[in-house]
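Enquirer: Full structure from sequences and hints, please.
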Amino acid sequence: MFTNTLYIGLVLVAVGFGTGSAGPNSDPHFAGNRSVIVEMMEWKHSEVAKECELFMGPYGYGGVQVSPVHECAILVNRPWWERYQPVSYKIASRSGDEAQFADMVARCNKAGVRVYVDIVLNHMTMAEQGKCKGTAGDAYDGAGEHYSAVPYEPQDFHGKESCPNADLNIHDSDNPTEARMCQMGGLRDLNQARDNVRKHQADYLNKLIDHGVAGFRSDASQHQWPQDLGAIIASLHTLNTAHGFPANSHPFFYHEYIEHGPNVKATEYTPLGRVIEFKNYENLARVFRGLNDQRLCYLRNYGGGPKGWGMLDNNDAVVMVDNHDLQRGHSGDINVTVTFFEPKLLKLTTAFMLAWPYAVPRIMSSYYWPRNLQRQGDHFIDSNSYIGPPHDSSDNILDVTRNPDLSCNTDKWICEHRWRQIYNMVAFRNIAGAEPVQHWWEFNNQIAFSRGSKAYIAINNDVKPIDMTADTGLPAGTYCDVISGNLAGGKCTGRQVVVGADGKAHIVVDNKWDDTMIAFHIMSKL
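The sequence shown: position 98 = 98 (the numbering used here), numbered continuously.
Incorrect hints may appear among the rest.
Said to hold, decoys possible - With a cut-off of at most 30 Å between alpha-carbon atoms, the simulated DSSO-like pairs for lysine-lysine come out as follows:
no., residue 1, residue 2
1, K344, K504
2, K525, K491
3, K464, K454
4, K265, K160
Derived from the structure by calculation, the hints contain no laboratory data. None of these values were measured; they are calculated from a predicted model.
Expert: Written out as structure tokens, the structure reads:
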């Protein structure tokens with residue numbers, strides 16, 4: 001047994017999970033004490049509804065982010081990114097039609113799980129696409145800029161009069177004019193300064209709001225003028241009270257923003273909701289991988305604002321360990337990002353994110369594809385990154401198989417949100433609530449801390465075990481470790497921790513365990 005002589009003491013961290021946030025579009029409108037979103041990439045509406053009822057509701061998840069629901073292009077080999085090429089604003093995607101969408105939203109809300117729709121307002125389809133049909137059967141002409149089902153015509157797009165580049169594409173993402181008035185990778189860029197464009201987009205979002213959604217993940221927000229997005233948001237309905245939202249509640253927005261330099265700023269979008277803080281994934285990945293001599297002990301002051309991590313304020317951020325782009329190297333560094341391909345590391349990193357009181361966290365729930373990493377210059381790409389969701393011979397998305405042990409058919413659907421080490425940390429976060437970080441302990445790549453007197457976690461990312469007596473701050477009793485098992489039938493199915501009358505416990509975390517951490521809380525007490 002040893003006691004850390006480097007740093008041991010009391011740390012206090014203020015929290016705020018949504019109420020009292022920076023602006024009217026920053027509140028996720030979680031039901032009760034729920035606090036975590038799941039991104040369920042490419043799930044069918046019927047399967048999301050079933051998952052809300054069978055698992056996400058009962059296990060305390062606060063919300064689900066669904067893939068874009070609008071009519072989109074039908075591309076060769078049905079890559080996942082066809083979802084991000086709108087044809088119209090009809091609710092008609094591979095996930096289902098409008099009736100199935102409405103049923104999903106109603107069932108998820110009833111289960112206490114809010115629905116957030118991934119929306120694509122920046123652009124339509126690729127310019128190179130000629131006369132084609134979308135997922136609702138509507139004809140469009142990307143080359144001619146004709147989208148009759150909206151309708152949009154050439155005057156509704158940024159062209160040579162707006163974009164300074166001859167090919168109309170972005171070459172400098174930190175040039176505000178290029179970033180917001182040129183095409184992103186050849187996608188037809190909408191002119192949201194036009195009243196009719198704003199109206200079509202607001203009508204679409206209002207239709208989703210009236211169906212009962214709680215808010216939106218806004219794709220490519222940094223490529224849209226904040227004043228245009230602000231005008232669209234200002235014209236939206238308040239949330240539908242029939243689905244349990246308080247009167248006059250505004251829809252939640254969280255904006256995709258990837259920093260490319262100092263001229264297009266995340267803070268331009270924080271008045272319009274929260275911003276997805278991509279620095280969180282990289283900071284945590286580098287610490288848990290030990291890159292550049294990063295260590296877990298450096299996390300003692302983790303967070304936003306003036307804490308040295310360069311991240312957004314707590315009430316302005318949504319955070320994640322990975323997402324659908326990061327997993328595939330379409331943003332960030334594929335060799336740094338932690339994904340389900342490294343399950344042990346993903347569980348450790350996610351556990352810290354959920355235990356630490358910063359921002360609104362989002363979990364990724366993935367589908368499987370055979371990764372094929374290839375070097376390209378000084379970095380790697382995944383040549384299979386285009387592969388779409390599990391499907392049958394007619395390209396219909398497959399149902400999710402749920403096993404008795406709560407896992408999924410992992411050769412198709414990974415279902416990280418169903419991993420015990422993750423769903424139990426979701427409960428940990430819900431139970432910890434607004435309690436501050438206290439009883440911090442560190443030793444190089446080993447850390448432990450409590451959340452007030454409600455929860456305690458110890459994480460070992462070192463080559464030696466943790467073996468210490470620690471002040472947990474929790475009431476006396478025997479607690480079940482929720483990483484190695486559950487409290488079931490009045491017994492622990494995994495390890496136990498005994499807390500004495502003085503709040504102290506003998507904490508052991510062996511570096512040879514499958515999951516090198518323990519966590520317990522007042523609801524896991526025998």
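Enquirer: Compare the structure with each hint and give your call.
Expert: Verification of the hints:
1. K344 / K504: 28 Å, holds
2. K525 / K491: 10 Å, holds
3. K464 / K454: 28 Å, holds
4. K265 / K160: Since the Cα atoms of K265 and K160 sit roughly 25 Å apart, the hinted pair holds (cutoff 30 Å).
In the structure shown, no violation is registered for any of the earlier numbered hints.
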